[in-house]
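Protein chains in written order, with this note's numbering: chain A, 68 to 334; chain P, 223 to 638; chain G, 862 to 1139.
Because the hints were derived from the structure by calculation, they are not lab data.
All C-beta atoms in this analysis are idealised placements derived from N, C-alpha and C, irrespective of residue type, glycine included.
Be a bit skeptical, because a hint or two may be false.
[Claimed, not checked] BS3-like mimics (lysine-lysine), calculated; alpha carbons at most 27 Å apart, straight line:
id: 1; chain 1: P; residue 1: Lys632; chain 2: P; residue 2: Lys294
id: 2; chain 1: A; residue 1: Lys228; chain 2: A; residue 2: Lys243
id: 3; chain 1: P; residue 1: Lys632; chain 2: G; residue 2: Lys1048
id: 4; chain 1: P; residue 1: Lys296; chain 2: A; residue 2: Lys299
[What the hints assert, rightly or not] Stretches of chain A that chain P covers, calculated by requiring three or more beta carbons in the stretch to come under 8 Å of a beta carbon on chain P:
id: 5; region: 221-234
id: 6; region: 294-304
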Amino acid sequence: MKILSKFYIAIIFVLLYLPIAVLIIFSFNESGSLSEFSGFSTMWYKELFEDEEAFTSLMNSLILAVSSAVIATVIGTFGALGLHRMRSRYIKGAVNSITNIPMMNPDIVTGVSMMLLFVAVANLIRSQSFFGFGTMLVAHVTFSIPYVMLSVMPRFKQLDKSLSEAAQDLGCTPAKAFFKVELPEIIPGIISGLMLGFTMSLDDFVISHFVSSPDFQTLPLYVYNQTAHNVKFSMYALSSLIVAVILVILIAVNFAGGKKRREVAKK
Amino acid sequence: MKRTASIILIISLLLVLCVPLTSCEEKSEGESSGTVTLYVYNWGEYISDGSEGTLDVNAMFEEWYFETYGQKVKVNYSTYSSNESMYAKISSGSVNYDVIVPSDYMIERMIKEDLIVPLNYENIPNAQNILPEFQNADYDPDKNADGYNDYSVPYLYGMVGIIYNTTMVDEADTGSWDLMWNEKYAGNILQFNNSRDAFGSAQYSMGDVNLVNSDNEADWRAALEKLKKQKPILQGYVMDEIYNKMENGSAAIAAYYAGDFMAMYENNNDLEFFYPEEGTNLYVDAMCIPKSSRNKTIAERYINYMLSEEPAVANAEYTYYASPNCAVRENEEYIEYMNEIKEGGFDLMYDTDAIPTSSYRNLSGEKLLLINTLWEELKSDITVSAGIYVLCGVIIGTLVCLGIFFAVRKKKRDIY
Amino acid sequence: MRKKSFFQKAAAVPHIMWVIMFIAAPMLFVLYFALTDAEGKFSFSNIAELSKYGNVFILSIAFALIATVICLLIGYPLAYFMSRQSERAQKILMVLVMLPMWCNLLIRTYALMALLDNGGLLNSLLVKLGLDKVSIVGTNFGVILGMVYDFLPYMVLPIFTSMTKLDKRYIEASHDLGCNNWQTMTKVIMPLTVSGVISGITMVFVPSISTFYISQKLGAGKIDLVGDTIERLFQNTSTYGVGAAMSLIMMILILISVGIMNRFSDDEDKTVKRGGIR
């Protein structure tokens, strides 16, 4: 039984990793062919590093991911604070359910709905270049907020109310009490929200597909355009690099800080 | 733990504050020295882009422009895969481009809908390189004083034909559009994934080259029926994915553009090509300037640059499409190059007078709507096999049983 | 409790504004486009138009259902076996499950297509071995395979998490009370991991029913699902009305099925959250 289960695990993982492994192996293939391995070469990597478009897309992705994650974290954290203190259950419930819509909806519906909004606004202000970084940022912040709330809200619920009250009794303003007493308590939640937002944004293709413009192309959009045309082998090199980077990050996160695992596992 | 956490937070916050700042700085720096971005929207794989040792035409333009006019221009180049998706982007008004390269019928439509503007040929002296037969285009009927097309300058042109893999297809079956409907090759045929070309293939196969511009609804419905009949034997509807699929032998037969065949042949010598005897489509892709352009003069100079010998030859050699530019046609090196890729390559592109052809014309709004509807009908024409119904029935049945089981058990528990 | 300060009252304002402007308003736009005709008058013409897509809907639902069930059948035993490995092995396996989840879906789908295509590695190996080629790309089987391959980790991870949270003493107790392995499985382990299964199902079903990249690549543009149709209606033909109607119907469909799903869950935590589906 024990051996059988090990065998089962092995089979599934081999199948799961087969296509990725083939991709990585053939990214070192000298001839641009997927059916025969003719010789080892790193020429596709060299070509990739010379590809300015790929590099710009990577930078765009990083800029977008960092800025959208931070904005979403700030809005989401203060939102969670405000909602936590709110007395009206109805408003609280309503805001919570609306916030969770992007999480429940398929990405394509979120993308389409944002596109409709942006097209309407663009027509209203007669702007010809409305789509771009701005629309992408708004979209990414929007779908990151629910995940930030998800990781920050429980921290607020665990908070001891009397601490903040004590601080205020001792002369703090409510704002000061928040920053001095409560913020340090909820920091782990904020960090995991930030991380979640960052990875969500980095990974998103579907929503970006509907709200982007060619001026501002992220890495997933670049990959999409590549696979829609004559695929260059540098795309394989790019994919292999992405897999390698993710592997390194995952190992670092999982084996360095044992405690963090739970939080990341939520993703 | 808390300390490190807050340090990380602060660093990331700082990072973010820096990013907009630096990007702002870059911008203001750029603007002070006057870098202008020129947005060019073209077909995929349709310009010499510097890959694999070719010339990078856009970079050459940037350099040339700076040397000639002393101004820095950055070309932002992006691509589309069908006229219709390009039109959807432009007409939605959500993006702005300076140069676009639609095909003939789409140019006619965009003129009619006032989406592109007349060109100022004072900035395009190289227009004299364009062969006269391309200057009296039907799709762009208004001419300027020199007899040039008012709105468009031809970029490249070509004809649709059928590509096949000689190792998989019997030579005797070739020569006609019927190859695309030949059940012998079921599962190995690729059809266009855009409505006009797909309907075109069905209409040409019926033998009358003028059917593609028919004003009669029945003609279009007949074409749809023919496409519906073809769907079960197709491997799929694709556009530029065709390159990989034909090159690695994933499919045996595909209708596509002649120039692209040359590109595929370069990678796979088993491929062959013919123009169907019933006649086929002749298309011209021409450079235009959308109304939303903010840098019309630079856009015109870009068009002009594309017509000069070096970039025009580079593009023709990169794309293998036929060029309407006499500077290219008469370039010995180019002729040699085409024949080197494939024996008779030059004639394949240019010696095409014997084949009956027609061009797509813009259709009435009503017909365009009809084509859209029919295309949707073709795409959504899916038969759900009995097996799938049975499988789903079993799954849903099991779910319902489980649901009832849980409900009953819960009730029982509640009683205890 | 003391009176709330301005700070505390104002804290949620940006959030609420944002949520109204960029979540609620776009949804209203979908509703508006779905329920009006070209002149902006209220009508059901767009919804009526959807009758043409009956088979597309059926096929999408069927594919998503089948893919979900296959994922469950493969994923549940996998998660169970994984949870019985040593602590260290579990950690490694966990990373192995998460890596594909974090790796972009486009890349994985494309890699799968490149492997399975008629001229891909698999078929050239088969030909070398003197066997017949198998056509997978462009068939129903190919699309379902793509869904299973892409979304299997989303099924395994939540089930695995709920397995590891399971108190081992329950299992020991059931053995002590005379259950055999099978009885322990069905009477103890399965009921206690239902919440993981439910969230796994949602995490596979929702992206499966709305995908368009998988069907584009592995269906070769021939097998059109709801996602492909919506994408085409918005990006290619600009028929926003019908596209919005289709999105609306799909949304309702998903809400209903998630609602039904949640009824299955005996857990305290009744709302299933789609944690991290991309």
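Going down the list of hints, with the structure as the test:
1. A threshold of 27 Å between alpha carbons decides the hint, and for Lys632 of chain P with Lys294 of chain P the separation of about 75 Å lies outside it, so the pair is violated.
2. At roughly 15 Å between alpha-carbon atoms, Lys228 of chain A and Lys243 of chain A fall within 27 Å of each other, so this suggested pair holds.
3. Restraint check for Lys632 of chain P and Lys1048 of chain G: satisfied, since their Cα atoms lie roughly 14 Å apart, inside the 27 Å limit.
4. Between Lys296 of chain P and Lys299 of chain A, the direct Cα distance comes to roughly 24 Å. Compliance with the 27 Å bound is thereby established for this hinted pair.
5. Here's how the region 221-234 of chain A fares: 0 of its residues keep a CB closer than 8 Å to some CB of chain P, so the rule of at least three is not met and the hint is violated.
6. With a cut-off of 8 Å between beta carbons, the region 294-304 of chain A has 6 residues touching chain P; three or more are needed, and the interface restraint holds.
Of the numbered hints listed earlier, those contradicted by the structure are 1, 5.
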